[in-house]
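Undergrad: These are the residues of each chain, in order.
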Amino acid sequence: MSRPALEVEHLNKFFGALKATDDLSLTVEVGELHAIIGPNGAGKSTLISQLSGQLRPTSGHIRFFGEDLSRRSMACRVQRGIVRSFQITSLCREFSTLTNVALAVQARIGHSFHFFRNAEDDPLFTAPAQDALERVGLGHRAHVAAGHLAHGEQRQLELAIALAAKPRLLLLDEPMAGMGLDESMKVVELLLSLKGHYTIVLVEHDMDAVFALADRISVLVYGHCIASGAPERIREDPAVQDAYLGEDEADARSA
Amino acid sequence: MSKIPFLRIGPPAIPAFFWAVPLVVVLLAVPFICEALGQPFYLRVASRILIFALAASSLNLVLGFGGMVSLGHAAFVGIGSYVVAVLAWHLSNEVPVLTWPIVIEGTTNAALAWPAAIGASALAAFVVGAISLRTTGLYFIMITLAFAQMIYYYAVSLQQYGGDDGMKMRGRSVLPGLDLANRTTFYYLVLVALLLCIAFLFCLARSRFGLVIRGIRQNETRMRALGIEPYPYQLTCFTISGAMAGFAGVLMANLDTFVSPSDLSMARSDELVAMILLGGVGSLWGPPLGAAFYILAQLGLGNLTTHWPLAFGPALIIVVLFARRGLVGIFGERQR
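Protein sequences appear in the order of chains A and B. Take the first sequence: its letter number 75 is residue 75 in my numbering, and every next letter is one higher. Take the second sequence: its letter number 159 is residue 159 in my numbering, and every next letter is one higher.
No wet-lab data here; the hints were simulated from the structure. Hints may be right or wrong, so weigh each one.
If you want the footprint, here are the derived chain B segments under chain A, 3+ residues with CB under 8 Å [stated by the list, open to error]:
hint, region
1, 219-225
2, 229-239
3, 275-281
All of these numbers come straight from a predicted model, not from anything done at the bench. By construction, the Cβ of each residue, glycine as well, lies at the ideal position given by its N, Cα and C atoms.
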């Protein structure tokens, strides 16, 4: 079997006495869509932040195609190909939708110490950016200021920015957060179309989406990975049912 | 006017040719108007406005485009002025500036003194920036202010160069081919310098570098997530701005043929910030407009009362509260 894209080994992150990540280990194979689920406060976003480099782990290792990146900066990891989207939309609100994506293209192509040539309308950056926008269904909104987009559109823009960075590993932190049903459906479709082409780690609350999309699922409880495997296995795992799904279904029944 | 796409640098947009062309025509005509009015003093005021416009534009590069609120920018302007004046002083007193390890004589040659002055300001900005940019927000403001105060008191302590009183230069720099002592020639030189710098800023704002700098102001985390480490870009921006401020200082020293520590005081830094706020933060024409308005107000109100800041302060507060985008916003510059 080929080398996994991502190996997380004995990762720990403490905030004072709180163990946000507790001896967490998991692997993500090349080309798979790996979903991470778990109850609120299970440390899913903390994990994503450590994978992307925003947070330093207290101990443990993060290997990306064999290279230990656990102490590297966010910018360095992006250059290696680990790209994240944010749970809470994070955009340059004054820039147009297109410029937001074009900046990702520009950052991928090399350093930006170019002081004279107009980059705002340079097809070298805007053409791939426009492609990424079309892909997420935002092509018609290219020249609107990002701050003026509707919430769902901003979520789509987040995805377009991530795609434009040509990731080797895509970290998606609740890409459907706060979206309406229609918009969620579109994102699920989009993720289905990306599946197989990208290695994706997906954190998501919507169980239907997760079970429809994921090749493998890891379940986090209190910062620890209690199970990792194919969707059917996870569905049947008694520990998982106990910790998470059962509770969810009980909620659903009582509602 | 907002239909002309190639004149936009994104919101806030720069005004169309509609304003720029007549403005430049008027600026070109100023010496003739002053001549016709028999008021050569006004030409001096006009030159002063243009120089302050340049200084304010340089601050706007870090403050408006880059979102780095520097409260010590006058220090870089002042360093430019002092280098020109000090080099001239050494020439007229026939004392070398440096005897070891190499001998450096004083000079009034603009081809030597001006690049030296601009280089000194850029170097100072690089050092101050390298340290200050490790912090953000309020700390950044305080550190730039602290550095500026250090440089100010250093200038005060330079007894050889007039200390607190400053020093008078014998004349303006000598630029081969141009008679800088001629006030009309000097005015046009300043005008060309300003227009070139604004053209440079116009290009810069839309370049790859400019997009990154403006992106960092809007959302630093986002830029990091794109793989862009803000620090080297911010430091470069700060250094370019310092060099431009130094150039303004060079011209200032030449206009007044006089330098004093007040040229790099905190009050002068505050004036530059006020000009930017008044004219419009982050816009290309805002700082020049703010500089013109400020200096004319200083002149007009200053004739009436020495307490003119009493009127100016509230005016600034009104602009900040009700016209966030400054005078440029009032003058029909449209947002997309």
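Undergrad: Evaluate each hint against the coordinates.
TA: Hint by hint, here is what the structure shows:
1. 219-225: Check passed, 6 qualifying residues.
2. 229-239: holds (count 3)
3. 275-281: Not satisfied, violated; 0 residues make the cut.
Checked against the numbered hints given earlier, this structure breaks only hint 3.
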